[in-house]
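Student: Sequence:
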Amino acid sequence: MLQVERPRYVPAIRSRSTRSVLGLIALTTSVVINLVGTESENVLIWVLLFASIWSFSLFATDKYSHKYPYRYHSYLLASHLKAAAIMLAAISAALFLVPMLREEWPSALLALAAFSTLDFLVSLPRQTEKAEPFDFEQLKSRTMSGQAVNPTEEMRMPEHHDAPAFSSLSEKLGTPWIESIQSTVPDFSEDLSTLLLNDRTNYAPHSVGEPVARLLVCSVRINDLRRINRFLIAHADRLRMGGHFVCRYESLKEVRERLELRWGGISNAAFLIHFVWYRALPKIPILNKLYFLVSGGWNRNLSRAEVWGRLSYCGLTVIAEQKTELGRLVVAKRIAQPIENRKPSYYPVVGLTKVGLDGELVRTHKIRSMYPFSEFLQKQIFEDNGLASTGKFKDDFRLTEYGRYLRRYWLDELPQIFDWLRGDIKLVGIRATSPHFLSLYTEDFVDMYTKVKPGLIPPLFDEETSGFDQIVAVEVDYLEAYVKEPVLTDLRYFWATINDIVFRGVRSK
Numbered sequence: 001m002l003q004v005e006r007p008r009y010v011p012a013i014r015s016r017s018t019r020s021v022l023g024l025i026a027l028t029t030s031v032v033i034n035l036v037g038t039e040s041e042n043v044l045i046w047v048l049l050f051a052s053i054w055s056f057s058l059f060a061t062d063k064y065s066h067k068y069p070y071r072y073h074s075y076l077l078a079s080h081l082k083a084a085a086i087m088l089a090a091i092s093a094a095l096f097l098v099p100m101l102r103e104e105w106p107s108a109l110l111a112l113a114a115f116s117t118l119d120f121l122v123s124l125p126r127q128t129e130k131a132e133p134f135d136f137e138q139l140k141s142r143t144m145s146g147q148a149v150n151p152t153e154e155m156r157m158p159e160h161h162d163a164p165a166f167s168s169l170s171e172k173l174g175t176p177w178i179e180s181i182q183s184t185v186p187d188f189s190e191d192l193s194t195l196l197l198n199d200r201t202n203y204a205p206h207s208v209g210e211p212v213a214r215l216l217v218c219s220v221r222i223n224d225l226r227r228i229n230r231f232l233i234a235h236a237d238r239l240r241m242g243g244h245f246v247c248r249y250e251s252l253k254e255v256r257e258r259l260e261l262r263w264g265g266i267s268n269a270a271f272l273i274h275f276v277w278y279r280a281l282p283k284i285p286i287l288n289k290l291y292f293l294v295s296g297g298w299n300r301n302l303s304r305a306e307v308w309g310r311l312s313y314c315g316l317t318v319i320a321e322q323k324t325e326l327g328r329l330v331v332a333k334r335i336a337q338p339i340e341n342r343k344p345s346y347y348p349v350v351g352l353t354k355v356g357l358d359g360e361l362v363r364t365h366k367i368r369s370m371y372p373f374s375e376f377l378q379k380q381i382f383e384d385n386g387l388a389s390t391g392k393f394k395d396d397f398r399l400t401e402y403g404r405y406l407r408r409y410w411l412d413e414l415p416q417i418f419d420w421l422r423g424d425i426k427l428v429g430i431r432a433t434s435p436h437f438l439s440l441y442t443e444d445f446v447d448m449y450t451k452v453k454p455g456l457i458p459p460l461f462d463e464e465t466s467g468f469d470q471i472v473a474v475e476v477d478y479l480e481a482y483v484k485e486p487v488l489t490d491l492r493y494f495w496a497t498i499n500d501i502v503f504r505g506v507r508s509k
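Those letters in the sequence shown? Residues 1 to 509, by my numbering.
No lab work stands behind these hints: they were computed from the structure. A few of these clues could be false.
So the derived label-pair ranges between C-beta atoms look like this [stated by the list, open to error]:
{"id": "1", "residue 1": "Arg492", "residue 2": "Ile273", "range": "49 to 55 Å"}
{"id": "2", "residue 1": "Ala270", "residue 2": "Lys392", "range": "29 to 35 Å"}
{"id": "3", "residue 1": "Trp277", "residue 2": "Asp477", "range": "48 to 54 Å"}
{"id": "4", "residue 1": "Pro106", "residue 2": "Ala473", "range": "37 to 43 Å"}
{"id": "5", "residue 1": "Arg408", "residue 2": "Val36", "range": "53 to 59 Å"}
Keep in mind the model is a prediction, meaning the values are calculated, not measured. Note that the Cβ used here is the ideal one computed from N, Cα and C, for glycine as well.
Just need the whole structure built from these sequences, with the hints factored in.
Tutor: Following this line, the structure appears as structure tokens:
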């Protein structure tokens, strides 16, 4: 089992609140000293302006949290320079917009320079601490999914807790349901303990002593549920571990086919309107309240990836899906408890859990290029399809149509500028990797990866780079070079990447 143990350098003043108070004192002192001598009548305005700008710079850079303990001084300088640059830009904008402050610009710039220098000096003292051993296997098991339960546990449930069997299940559901269930559920019979869900507003959680089922059938379309996850979690808990859940939904493909059949030559316009109202609007904060107020959650547009991902999030893995006259019927098996303390990708800008320095989990941000909840399917996609020659997942149906364009030009990575400002990643380096994808590498590579902070601008692979092994070789070359010459390596790779993108026209594969 791989473990990483190294000494760390941390600030002598560990408390962020204490450090913030000292920073505010240094800021106020610098502004007052540099402006009082000019007999300015705007000292209070400048103090309030500087304090507001300083607060924003703290939010943007998180500079009082030291996030690179193995390169203490260089990281410290970089984080303070970022904060100073933000403050300089904001002060310049204030001078441009407020004429009465322009005459005092020399004093304002001197105050900024004095504060930035003093603030940096206060942060310089450091102390050494011993790093906690990093167990990558434990990291994988903690972050991959919900806590899986041994399927044999279903046999330990007392029989008198079983839900009643529906002797007329076929009459209640109809032929398409029964045929789908018979073809996918092992040892299916109508005497199997079964629960039938036909109330879209029932979110009551499972109670202790309440019957549990080996088969749970939801006749309500997933598209018509107001709170999908809440509904699925509440009722999945009524299902035994190893039990089966059957549901139906209408996919984006079926929506387009239905609109083409109805609207003919103007189906594209109809689909656009339908897409904006039933798919885009529910995923825009604040505006989504209008959608749910008017529609009640009916008829939402759902992709296959989102439905499968939501089921996985709730502890269910899809084992079969087929198209029927009722829509797409899905059969899933309960293998785990619902995932807790994870924010699924849903809105246009998403935060994804990645492995950072020392194996610590960090949240990096991207413009969402995959369908919502897709991250919970990563393990299943890899096990079913493996990797393509580009080192990415083969036949990955989670990617949206616009997502391909965003990825080709790296536009989906733009929000990571915020992560770079806050110090969660550095400017150049191996891209931050998910726990599951990192588990595909060797332990030696993981050891190197966790010693270096991930980067915003990764080493690019040329046209001849093909296959996972060659991609790993490129990343290893960077890591080995960085350990020897950090600054020169990042400069060399930065200019090489810019040259490839701007002059050679290299695009993401």
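Student: Next, verify each hint and record whether it holds.
Tutor: Hint-by-hint comparison with the structure:
{"no.": "1", "hint": "Arg492 - Ile273: 49 to 55 Å", "in the structure": "holds (51 Å)"}
{"no.": "2", "hint": "Ala270 - Lys392: 29 to 35 Å", "in the structure": "holds (34 Å)"}
{"no.": "3", "hint": "Trp277 - Asp477: 48 to 54 Å", "in the structure": "holds (50 Å)"}
{"no.": "4", "hint": "Pro106 - Ala473: 37 to 43 Å", "in the structure": "violated (54 Å)"}
{"no.": "5", "hint": "Arg408 - Val36: 53 to 59 Å", "in the structure": "holds (56 Å)"}
Against the hints set out earlier in the document, a violation occurs for number 4 only.
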